[in-house]
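Once you have looked at the hints, place chain F on chain C.
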Amino acid sequence: MIHLIEVYKSFQGQQVLKGITLEIPKGQITAIIGRSGSGKTVLLKHLIGLIRPDRGRVLVDGVDIGTLRGRVLDKLRDRFGMLFQGGALFDSLTVFDNVAFPLREKTRMPEAEIRKRVEEKLQAVGLAGMGHKYPVELSGGMKKRAALARALIMDPEIVLFDEPTTGLDPIMLNAIHRLIVETQKVLGFTAVVVSHDIPEIFDIAHRVAVIHDGSIVAYDSPEGIQGSQDPLIRQFMTGGVQGPSNLSRIVQEDL
Amino acid sequence: MEKVLEGIGRSFLHLLQTLGRMGVFLCTALFLAVVPPFKSEHLIRQVHFIGVKSISIILLTAAFTGMVLGLQGFYTLRKFGSEALLGPSVALSLIRELGPVLSALMVTGRAGSAMAAEIGIMRITEQIDALTAMGLNPVKHLVVPKVIAGLITFPLLMAIFDVIGIYGGYLVGVQLLGLSSGTYFGEMATSVDMADVKMGFLKSLSFGLLVTWTCTYKGFYTGYGAEGVSRATTEAVVLSSVLVLAGDYLITSVMHVG
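Residue numbers (my numbering), protein chains in the order written: chain C, 1 to 255; chain F, 256 to 513.
Please note that a few of the clues may not be correct.
As the list claims (entries may be wrong) - Simulated restraints, written as ranges between beta carbons of each label pair: (1) Arg300/F - Ile5/C: 39 to 47 Å; (2) Ser139/C - Val509/F: 51 to 59 Å; (3) Gly27/C - Ile312/F: 30 to 38 Å; (4) Gly480/F - Arg35/C: 18 to 26 Å; (5) Arg115/C - Pro291/F: 24 to 32 Å; (6) Glu482/F - Asn174/C: 35 to 43 Å.
To be verified - Here are a few chain C residues that sit away from chain F, every Cβ distance over 10 Å (derived from the structure): (7) Glu6; (8) Gly62; (9) Leu73; (10) Leu76; (11) Glu113; (12) Glu120; (13) Ala175; (14) Leu232.
Keep in mind that the hints were calculated from the coordinates and are not lab data. For clarity, every value in this text was computed on a predicted model and none was experimentally measured. In this text, a Cβ means the ideal position worked out from N, Cα and C, and glycines have one as well.
The shape of chain F in the complex, shown without the other chains:
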């Protein structure tokens, strides 16, 4: 019994320690983000890596997500004779939930894992020590550009996701299943208001921070050797994905209550 309690206590302490370290890591990164010198080329490179290179995967997933929403929505709504509401149903699902969440999950898989692996490999091959020895802060140099790039690119990718998704739904609902284009977009315009767009934007902004924070943290404090880096990468992706989904619920509930 004593051992069980001891084990629980130890795990709890470990959890607290990790959370504390993650908090300090984020605060350091955010502080260093507003302290000169500012090197725009690192940021531009990261915006290109996280944002531009994710566009194709975002286009693909958004198109199929929109198409399946159009298909499912059409047949479900038809049961109640309300196919006219397909536009709002597709748009609201995308703008409020699926746009921010799915784009964040896709970018986590593509760029988040790469971020963790890159920083992890730099850690185990002493490249981070080399930066430190040169008098350069590795958090400022490696983490800050990625976090800022996340804050810039996640909302933009979400916007692309939403638009393409809506046109995916249009393709199925209007072009294939015969709903009128006017109904699809007209109903959408009356049902979607700025609050929905703001909610999506706030979510993707939060996910941008959560994903880059988690992935860079996991890479920065990776274990030993190739196995350590592979574990850090897996943990980064899993934890980021869970945090995105949990964060999504939290933001939705807070905003609805608010």
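Excised from the complex, chain C in its bound form:
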């Protein structure tokens, strides 16, 4: 289980996370939704220790990840898989080598076994036969899927997805969601999915946290969030421009 306790983080004087407390249950899919710039990615990066909190603690099975360094931290990270927002594929390697990378670097698996596993994963994300291509030759959606294959290749216990379906067409969006659900069922990993896909995300998540302006404003089952009467959550669900979270300030600043 991952437990965030009163996590604060600011960058160059701007407070991004304002005392986040959240319990992410083991073996379930937790979705984090919220407007762009609300701190979702920063929150996700705290879970794997890519960003350390200014204050507060991030506990992974009771271990404070903020206090770990070096090999101990690397060892803990072996239990994680992460899909980055932009894919973060190594652009000097082919898709195949990208997906095979963690296996080659972290295990002593024979090349034939690596080939088999990578091809299986590429097949699962709909990229069979694309292994020889370089990331630059792929569309945005294909990059995402290649990155997803890489995130899952080590069969991690905890997988962090940063907008796994942004930029995908509706068919591929559902296919990726189904892939997440199915692999999660088989492998039983703990998944944290940062997403903008409303209402699709409610079909796959067991729990949904709504983050607004650096704070968790709701944390409930998908049904609970969908049935919420909170004006802020309602506005986010319906995508209304008018409401508690208004754009006028941003628009005025832009002008």
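Chain F only, in chain C's frame:
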């Protein structure tokens, strides 16, 4: 007045901070270089990139450097009737100074800039974060092979530079201007001793470390976006070149005093 002092203080603190960070970066890299696991394929790839791919540019610059040394040296020495010393003059200039310095500067321009840009782009596109998230140390993975490859390839490239440069001088001095081959190489053999070769070797070894350290550091701590990477690349090349020249003076003076 207060503001001026404040500005000076801030710049000084910034400088100290940067130097400290560079020091920690190098110590981390050197420490990780001796800690397993060792992956030879990354090192071989870097030796190929920094060393093998620099050979053609080293051959070209070395040949012309040697030729111009031969030409200038010949006419200058002739004024004093001592053309016979052309061999030693070309060889000593190359082995002590120009070989290590020019080869380091050429490799900085070719491979150093690429190192900074590569790591910088990996930083801004979250590829370094991806390595970290996989539980792989990005310094061990990206910086260590480049630093070790620098230590291996710089002295070897310098050796090639020296030999080709000496033959460049031979081409002009002996083949074009008529000095005897025996005089050119004979005088060279009596004047150049092991201490000169050692000095050149020590210099190129130091430059190998300085250049790879500076360039990887600049890439690793690049600014934001394309502009950040372009600035990091420029700074990497400029700072490396300055450090090579300053380091050259320092090593020469220390070794002469010593």
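Which numbered hints does this structure break? 3, 9 and 10
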